[in-house]
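Combine the two chains into a complex, taking the hints into account.
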Amino acid sequence: SQELEQSPQSLIVQEGKNLTINCTSSKTLYGLYWYKQKYGEGLIFLMMLQKGGEEKSHEKITAKLDEKKQQSSLHITASQPSHAGIYLCGAPSVSGNTPLVFGKGTRLSVIA
Amino acid sequence: ETGVTQTPRHLVMGMTNKKSLKCEQHLGHNAMYWYKQSAKKPLELMFVYNFKEQTENNSVPSRFSPECPNSSHLFLHLHTLQPEDSALYLCASSQGTSGLTDTQYFGPGTRLTVL
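Taken in sequence, the protein lines are chains H and X. The working numbering puts the first residue of the first sequence at 1, with every later residue one more than the last. The working numbering puts the first residue of the second sequence at 113, with every later residue one more than the last.
Just chain X, with the same shape it has in the complex (with noise of 0.2 Å):
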C-alpha cells in the first residue's frame, strides 16, 4: 500500500468508447504524474500536475485529456483510443517536483485494452 489507488485496475474498451482513469493519492502530496508503461519500453511521462496546474504534457496525443480538480485527485480522460494505447497506466504523487528530493510514489496501474 503506498498511498496511492487507482481505479479501475483493468478496463477494456472499444476504439469509439470514452472512458476514464482515477488516480487519488492519500499523501498529503501536492504534484501529481501520469505515465504509460508499455512492454520492452521505458517508462513514458504523459503528465504532470503541480498545486491543480498542469507543468508538463509530454506530446501526448488529444484523445487523453487530464483533469486535476484538487492536488488529491487526477484524472485521465480517453475517448477515441487506437489499439496501440493498450498499455498499464500509471499515476504517481510526490511532495513537490523536484527530481532531485521529490520521491515519486505509485499506485498500482490500471490495465488498458484496446480493441
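Bound conformation, chain H alone (with noise of 0.2 Å):
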C-alpha cells in the first residue's frame, strides 16, 4: 500500500522566516493534496498539484510536484504567526479512483 513520509515532523521557525515541507511517496505519485490543520479542528485545503513539475501558489504558500523524485514540497515565504499549524500530504492512491491516503503531518510554529 502507498505511504506518505513527511519531513520534518515539526518546526519552529522565527516570524518572517521561510520554510520548506517535503512529502515523499513510497510508490508513484498520481496527484497530490495539501491541506492545513489547526490543532483539534478539521482540515482546511490549500492546493492540489496533478502534473509532474506543477506549481501552485496561495498567497505566500507556494506547493511543487516532482514527479521523477515522487515527492511535493510546500514553501512559505515570510512565516507569519498566521501559518500556524499543523500541514498534511495526501495523495491518491495507485489507481486513483480510491480516497487519499495521508501522512502524519507536519507541525508548524512561528515565534515572533
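Hints are all accurate, no fakes.
Now the in silico label distances, taken between C-beta atoms and shown as ranges: (1) X/124 to H/12: 29 to 37 Å; (2) H/1 to X/139: 22 to 30 Å; (3) H/77 to X/174: 43 to 51 Å; (4) H/77 to X/192: 45 to 53 Å; (5) X/151 to H/3: 17 to 25 Å; (6) H/9 to X/117: 29 to 37 Å; (7) H/3 to X/139: 27 to 35 Å; (8) H/10 to X/175: 28 to 36 Å.
Just so you know, the hints here were simulated from the structure itself, not pulled from any lab data. Every residue gets a Cβ at the ideal spot worked out from N, C-alpha and C, and that includes glycine.
If you want it as C-alpha cells, here you go:
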C-alpha cells in the first residue's frame, strides 16, 4: 500500500523566515493534496497538484510536485503566526479512484 | 467555514454508552467520508458513501455503525467503545470519489473521549 512520509515532523521558525515541508511517496504520485489543520480542528484545503512539475501558489504558500522524485514540497515565504498549524499531504492511491492516503503531518510553530 | 458541519464538537462517553455523531454538508456533494485521527498516526479512512451507498469499509470494528440517509447527512453510531477509540473523528465530502479530481472538504471534527 502507498505511504506518505512528511519531513520534518515538526518545525519552529521565527516570524518572517522562509521554510519548506516535504512529502515523499513510497509509490508513484498521481496527484498531491495539501491541507492545513489547526490543532483539534478540521482540515482546510490549500491546493492540489496534478501534473509533474506543476507549481501552485496561494498567498505566501507555494507547492510543487516532482513526479520523478515522487515528492512534493510546500514552501512558505516570510512566515507569519497565522501560518502555524499542522500541514498534511494526501495522495490518491495507485489506482487513482479510491480515497486519499495521508501523511502524519508536519507541525509548524511560528514565534515572534 | 468549509460547508461541512459536525455535531457534537466534543463528546465524553463511557464504554457502555450509545451515542451518535452527525455530519452535514451544504456543498451539494455526492460522496461523504468518516476518518479517525489519532495522535502521531496518519488520518485513517473508516467509511465512504457515494450516492448514499457504502462503497468502502476499511475493516472498521462493528462497534462503529455508519448511516447515510441522504447525500447531505452522515451519521456514525457508537456503542460499547473502548478507550483506544478516543480520537478526533472527521467527516468529509466531495463531489465524487475520484482521488484525482474530487477534492475532499472536511468538517471541524468531533473530539471523542471514551472513559
